[in-house]
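Chains as they are written, first to last, in numbering that gives the first Met the number 0: chain A, 0 to 222; chain B, 0 to 222.
No wet-lab data here; the hints were simulated from the structure.
None of the values given here were measured: they were computed from a predicted structure.
Please note: incorrect hints may appear among the correct ones.
Just a few of them, taken from the derived set where beta-carbon distance is under 8 Å, the chain B residues facing chain A [what the hints assert, rightly or not]:
| # | residue |
| --- | --- |
| 1 | 73 |
| 2 | 93 |
| 3 | 95 |
| 4 | 122 |
| 5 | 125 |
| 6 | 128 |
| 7 | 141 |
| 8 | 144 |
| 9 | 150 |
| 10 | 169 |
| 11 | 172 |
| 12 | 176 |
Rough simulated footprint, nothing fancy, chain A against chain B, three-plus residues with beta-carbon under 8 Å [to be verified]:
| # | region |
| --- | --- |
| 13 | 45 to 56 |
| 14 | 110 to 118 |
Cβ coordinates follow ideal geometry from the N, Cα and C atoms, glycine included.
Number of protein chains: 2
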Amino acid sequence: MDEVKIIDVKRTILEDNDLDALNLSKELKNKGTLLINLMSSPGSGKTTTLIKTIKCLEDKLSIGVMEADIDSDVDAKKIKEETKAEAIQLHTGGMCHLDASMTREGLSYLDKHDLVFLENVGNLVCPAEFATGASKCVMILAVTEGDDKPLKYPLMFSICDVILINKIDVIEYFDFDMAKVIENIKKINNNAKIIPICAKSGEGILEFSNWINDEVRKWKEEK
Amino acid sequence: MDEVKIIDVKRTILEDNDLDALNLSKELKNKGTLLINLMSSPGSGKTTTLIKTIKCLEDKLSIGVMEADIDSDVDAKKIKEETKAEAIQLHTGGMCHLDASMTREGLSYLDKHDLVFLENVGNLVCPAEFATGASKCVMILAVTEGDDKPLKYPLMFSICDVILINKIDVIEYFDFDMAKVIENIKKINNNAKIIPICAKSGEGILEFSNWINDEVRKWKEEK
Numbered sequence: 000m001d002e003v004k005i006i007d008v009k010r011t012i013l014e015d016n017d018l019d020a021l022n023l024s025k026e027l028k029n030k031g032t033l034l035i036n037l038m039s040s041p042g043s044g045k046t047t048t049l050i051k052t053i054k055c056l057e058d059k060l061s062i063g064v065m066e067a068d069i070d071s072d073v074d075a076k077k078i079k080e081e082t083k084a085e086a087i088q089l090h091t092g093g094m095c096h097l098d099a100s101m102t103r104e105g106l107s108y109l110d111k112h113d114l115v116f117l118e119n120v121g122n123l124v125c126p127a128e129f130a131t132g133a134s135k136c137v138m139i140l141a142v143t144e145g146d147d148k149p150l151k152y153p154l155m156f157s158i159c160d161v162i163l164i165n166k167i168d169v170i171e172y173f174d175f176d177m178a179k180v181i182e183n184i185k186k187i188n189n190n191a192k193i194i195p196i197c198a199k200s201g202e203g204i205l206e207f208s209n210w211i212n213d214e215v216r217k218w219k220e221e222k
Numbered sequence: 000m001d002e003v004k005i006i007d008v009k010r011t012i013l014e015d016n017d018l019d020a021l022n023l024s025k026e027l028k029n030k031g032t033l034l035i036n037l038m039s040s041p042g043s044g045k046t047t048t049l050i051k052t053i054k055c056l057e058d059k060l061s062i063g064v065m066e067a068d069i070d071s072d073v074d075a076k077k078i079k080e081e082t083k084a085e086a087i088q089l090h091t092g093g094m095c096h097l098d099a100s101m102t103r104e105g106l107s108y109l110d111k112h113d114l115v116f117l118e119n120v121g122n123l124v125c126p127a128e129f130a131t132g133a134s135k136c137v138m139i140l141a142v143t144e145g146d147d148k149p150l151k152y153p154l155m156f157s158i159c160d161v162i163l164i165n166k167i168d169v170i171e172y173f174d175f176d177m178a179k180v181i182e183n184i185k186k187i188n189n190n191a192k193i194i195p196i197c198a199k200s201g202e203g204i205l206e207f208s209n210w211i212n213d214e215v216r217k218w219k220e221e222k
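Next up, chain A with everything else stripped away, as it sits in the complex (with noise of 0.2 Å):
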C-alpha cells in the first residue's frame, strides 16, 4: 500500500496569554486558592465528575465552580442543585476555550475558596492551548470516546496532572483497550496520574478527592 500523504496546513490563530496566566495563578497563590481546569470532549462526564468530587470535598474545603459554556445554564445549575459550592456560568460567546483574561473575570464574581474548579467548554484541542492561570489541569477521557485519542490529541494528554479515564462500567460494549490507552498517555506523559472512574456510581472519585485534598494542603503550604 502507498504511503498515506501528510500536508501540513498553517496555523493562522495563535494567541499568546501566558504571561497573564501566570500572573493570574501568582494572585491565587497569595489568595490561597487552589484553581483546577477540568477539561474533556462533549459529554465525557465533566459535571457529574465534579459533582460526585465536590460531595467528597465539600465538608472539608470552601469550592467555588465556574461552568464554561457555549450557551446554556444546565450545569451551573446542577452544580447549584446537587451541591454546597458557589456556582456560576461563564457564557463564552461562541468562544471554544478560556483564556486567562476570561477565567480572571469569572473569578471576580466567585468569593474567596479554598478551591475553585473551572470546567472548560468541551473541546480537547483549544482548551489545551490556552493557559487560564489555573495551576493543576484535570482531564477525563471516555471510554466511549476510544483509546487512540492520546495520539490524536496529544497536547491536552502532555498538558495534565490527572487524566481520568470515565465510564468504566460501561468498558465492555466499546473496543477500548485500557492497557493501550494507558500506553499511548504514558508515551506522551509520563508523570500524569492516571485513575479509572464511573461519575455515575462514583468508583474512583475517592482517589481523586484524595489527590485534590492534598493539592490543596501543599498549596497553602507554599504560600
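Please arrange chain B on chain A, whose structure you already have, making use of the hints.
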C-alpha cells in the same frame, strides 16, 4: 434556589473566511465535485461512519477523503486500507478546525472526484464557525455524549444538513432520550435530516448514502 449568575465573556478570536469559502464552493460547482464537511466530537465515530458510507457508494461514485487531525495519520490509513477512496491526511498544526484556505490546499492534492468528504477535527465548537467551502454539512452525535448537546453546542446543530445519531446499539446503557434530543434539535434546526445509525453494524448507513447520492446528482444537475 437563587438564579444562576451568568457572565458573558468576550469573544477575542474571530476570522471571517466566508468569502473564501463561497469562492471555493463555486469552483467545486464548476468541477462537479460535491464537498461534504463531516463534524463531531472526538470519538463519535466519524471514520467508521465514513468507511461504511464509502463502501455503499464507491461503485457508483468516485470519492476522495481529506482526514484532518492535529496529529497522527491513523484515519487516512484506515480509509485507504478499507475502501477504494483516495485519502489524504491534513495536519492542522495544532489548529482546532479547518478553514476554506486549508480545505483548498487539501483539495489540490486530490484528483477530481464526484464526492469529497472532509473529516474535520473532532470538535463541536470551532469547525461550526469556519466555513470550508463545503456545500453540505453533516454532524454525528453519539448517544454516549448525552441528549443535552444541542443545547450546549447550538451553532453546530444549526448549520448541519444531516445529523447522524450514532452508537444506537448501546443506547440502553446511557441516559439518552431519543425523543428529547430530536425535540432539542428541531428547536434549533427544523430542516436537518436526522438519521439514527450504528456505524459499527451499518444500521442507517444506507439511508445516509441514499441522501448523499441524491445530493451528488442534484449538485451536478444544477451545474
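Status of the hints after comparison with the structure:
no.: 1; hint: 73; result: holds (6 Å)
no.: 2; hint: 93; result: holds (6 Å)
no.: 3; hint: 95; result: holds (4 Å)
no.: 4; hint: 122; result: holds (5 Å)
no.: 5; hint: 125; result: holds (5 Å)
no.: 6; hint: 128; result: holds (7 Å)
no.: 7; hint: 141; result: holds (7 Å)
no.: 8; hint: 144; result: holds (3 Å)
no.: 9; hint: 150; result: holds (5 Å)
no.: 10; hint: 169; result: holds (5 Å)
no.: 11; hint: 172; result: holds (5 Å)
no.: 12; hint: 176; result: violated (14 Å)
no.: 13; hint: 45 to 56; result: violated (count 0)
no.: 14; hint: 110 to 118; result: violated (count 0)
Against the hints set out earlier in the document, violations occur for numbers 12, 13 and 14.
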